[in-house]
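A.B. asks: Based on the provided sequences and hints, a complete structural model is requested.
Its first residue numbered 0, the sequence shown is counted upward by one per residue in numbering that gives the first Met the number 0.
Simulated from the structure, these hints should not be mistaken for laboratory data. One should not assume that every hint holds.
Stated by the list, open to error - Capping the alpha-carbon separation at 30 Å, the derived lysine-lysine pairs in DSS-like fashion look like this: (1) K51 to K61; (2) K61 to K76; (3) K64 to K51; (4) K64 to K76.
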Amino acid sequence: MNNDPKEPRLLDHEADGIRELDNLLPRWWVWLFYITIVFSAVYLGYYHVFGKGDLQIAEYEKEWKRGEEIKAAAIAKFESSLSSLTVSTDEVVLAQGLGIYTTYCAPCHRPDGGGLWDRTCATTTGSTARTTWTPCASSSTASPRRAC
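C.D. replies: In structure tokens form, the structure reads like this:
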């Protein structure tokens, strides 16, 4: 090994004609390495040895409980406002509701609001595109809530 500061410091071993330099690491890199060691020791002690900090699952459970509290408060507020709702007696509003029900709900829930159709199929007949409900051709294999 050469002690002359102007000459490169070469290590004594060689591989395939390549000689390795013995350079020192930059001081900032060495100090950063030491800081990470100290940080990891403090982290290990704080979270795992002494149990002072919350681990991920504990933080998640706290956030979940807080979310449940917010949700319960919102539901309670909504349910308290339901008591002020009344059924409309306005003929225009009732006619609009009937039109919406006939268009979107009656195909599955019957025109009289009697529930889901059981073993029946919708068929469109004629040029008026009128939907009629008839028993399925193979009612033994048809199931409720499923088109034939």
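A.B. asks: All hints, please: hold or fail.
C.D. replies: A quick look at each hint next to the structure:
With a CA separation close to 15 Å, the supplied pair K51 and K61 stays within the 30 Å bound. Annotation: proposed proximity of K61 to K76 holds, straight-line Cα distance about 23 Å (limit 30 Å). Between K64 and K51 the alpha-carbon distance is near 20 Å, which keeps this suggested pair within the 30 Å criterion. Using a Cα cut-off of 30 Å, the hinted pair K64 and K76 holds, with the two alpha carbons roughly 18 Å apart.
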